[in-house]
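Visitor: This is what each chain is made of:
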Amino acid sequence: MKKNLYTDGVIGIGLLIFSIVMYFFIIPSQIKNITFGSGGLAPSTFPKLAIVLIGIFSICLIISNFSFKIQTTIEKIGPKAPIIVFFLIGYLLLISIIGYLFATPIFLLLIMIYLSKDKWPRYILTVIIFILINYIFFEKILRIILPKGFLFN
Amino acid sequence: MLESLLAGIISVMNVNVFLGIISGVSVGIILGAIPGLTATIAIALIIPFTFYMDPVVSISMLIGAYKGGLYGGSISAILIGTPGTDAAAATIIDGYAMAKNGKSGKALRIALYASVMGDMISLLALIIIAPMLAQVTLKIGPIEFFALIVFSLTIIAGMGGESIIKGLIAASLGLLLATVGLDPIIGIRRLCFGMAELDSGIAIMPMLIGLFAIPEVIVQLEYPLESNVPVLGLSKIPADNKVSWKEFKKCLKSILIGSGIGILIGAIPGIGSSVSSWLSYKTAKDRSKYPEKWGTGIIEGIAAPEAGNNAVCGGALIPMLTLGVPGSIPVAILMGAFLIQGLIPGPMIFSENGPVVYGIFASLFISNFFLLLIGFLAIKYTAPYFCNVSKVILFPIVIGFCYVGSFALNQTFFDVKIMVIFGVFGYLMRKYKFPAAPFLIAMILEPFGERALRQFLIISRGQITLVFYHPIAVVLLVLTIIFLVVFITKNLKKARTVI
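Chains as they are written, first to last, in the working numbering: chain A, 1 to 153; chain B, 154 to 652.
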């Protein structure tokens, strides 16, 4: 656990800016302002209401942090977290290029070896079994065509 | 009601339901026993496999996984002193102490008996209370329903985490994201940014797979992996691995206390099985004749929290089935599964889908039997292996399942992207202590709440003051304001003590 004194306040400011941008720029450009029938609410009412609530509670968060010095005990982001997120995004891109059935063994082996190089023969076996289960269950039994990727589509 | 229940029992007497329950309970126990994987993740990972099943089979399998997961958490709590799930944390105190005394088999068995009994008692409560409550809730109109949703969300946001304000922000973010898609009354696009895939809104299942499974994977892998902790095995003396009738009778009081608390806590939105198990432990200890022995490895110290956390399951299904309001994350996910199957939880579910609902009740009974059976087998043969599964292999595989699972429902790659986005978002929420429960539940309930309020305003020709002719709605809205004030004052008081 790590205690940064003003993290909550900074998050609050970010959310407040987000709510202002959403309320004044995004919502008017993304939702047509039409009402239907007598007493009907405009389609933008609920998104605006949610944004107003985010804005109000962000102000509460900022005040509670800067004035009352309330800071929740946030957790430190681990050293490998950004790399794992990178792996997740890379896997996504790889699926879109070569498809799920080819991208998955590459991703799984790379991430397993990145985490520990000790038992790589076991990794290969696990990956083969995993791919077979996916192929049989989704493609053969459920007849779902798994993403093929633009190279094989 | 008895006739409907009998019809339900007959409808589930087929191989598919049995196979569904067996696989649900087994996967739940295994995933629950692995530290880092919870009952919630078990349900989220199983859902993709249930899309194409019959509603009764699908829901039975998921509830089986929920129950199995709740019990499975106690296996690692007892054998390695690390709870497989948050709900099993209280079980460590006496469970691990008992295992260290060489009685791990006895501890695992009493945890199983207490879990099954807690489940059974809460199921009876569900079967008795839910249809009666549904009769009452049938009378509530759109504005009462809207007020009920606002009230429940406030309670969930206020009780969910360390900071009430962050809970409220999370709920508001959930409300905002739920408005993405076509407007429910007029049908024009809202916040779709020109993407046709968003017309039907953000798909719930990829979102929740991302929100719950991916952050857990990142959290488990973000630091260098530690070597596995030693697992305490079963004793070679048979008596140490069994629970005698005398010992079981000694635990009955604790089981009943735990079950009662579990049902109550489950029925109140926003609390969950972790609180239930701690409260059950504490209450049973306070009422014990020898409270000083608690913590040294006594059998009642396992029975109370285990009955307490499993009884939450039936209790939590009461508001979900009768009011359409899920009180906790696993139940919100289950509600998502109901919606996918075309079953809309709420007062009408008993009249519109009676046979299916009673079929699910009947399958819950059967799943208790299988929980007992599979639990026995797990204790005897496999339990120690679950606790020491290699994280290097397991968590990448979980990621693989998340990708294929989020693709499977709508068969669109866009859903996989949604899953990844929410995975990273959920991880940041977790790190910065924004509770996920209010976010998810707000996202599920917003469409119902919005539709209800807009229906009311159309009927009342825009006169919002007509709400004062609806006393239940007024009471709920006043209670919402009172709770909001109480929560925020409590937060500020806590802050002053921190300073």
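Bear in mind the hints are in silico, worked out from the structure with no lab data behind them.
Fair warning: this is a prediction, and the values are worked out from it, not measured in the lab.
Treat the hints loosely; a few may be bogus.
[Stated by the list, open to error] Cut-off 25 Å, straight-line C-alpha distance, at most; resulting in silico cross-link-like pairs (DSS-like, lysine-lysine):
#1 LYS442(B) <-> LYS253(B)
#2 LYS80(A) <-> LYS69(A)
#3 LYS253(B) <-> LYS403(B)
#4 LYS570(B) <-> LYS253(B)
#5 LYS435(B) <-> LYS253(B)
#6 LYS533(B) <-> LYS570(B)
#7 LYS119(A) <-> LYS544(B)
#8 LYS292(B) <-> LYS253(B)
#9 LYS406(B) <-> LYS586(B)
#10 LYS442(B) <-> LYS402(B)
#11 LYS402(B) <-> LYS80(A)
#12 LYS570(B) <-> LYS389(B)
#13 LYS402(B) <-> LYS69(A)
#14 LYS399(B) <-> LYS435(B)
#15 LYS544(B) <-> LYS584(B)
#16 LYS80(A) <-> LYS643(B)
#17 LYS584(B) <-> LYS570(B)
#18 LYS533(B) <-> LYS586(B)
#19 LYS586(B) <-> LYS643(B)
#20 LYS570(B) <-> LYS643(B)
#21 LYS570(B) <-> LYS148(A)
#22 LYS399(B) <-> LYS389(B)
#23 LYS80(A) <-> LYS48(A)
#24 LYS69(A) <-> LYS643(B)
#25 LYS586(B) <-> LYS80(A)
#26 LYS69(A) <-> LYS586(B)
#27 LYS544(B) <-> LYS76(A)
#28 LYS544(B) <-> LYS80(A)
#29 LYS584(B) <-> LYS533(B)
#30 LYS76(A) <-> LYS584(B)
#31 LYS442(B) <-> LYS403(B)
#32 LYS584(B) <-> LYS117(A)
#33 LYS446(B) <-> LYS76(A)
Visitor: If you check each hint against the structure, which ones fail?
Guide: 2, 4, 6, 8, 9, 11, 12, 13, 16, 18, 20, 23, 29, 32, 33
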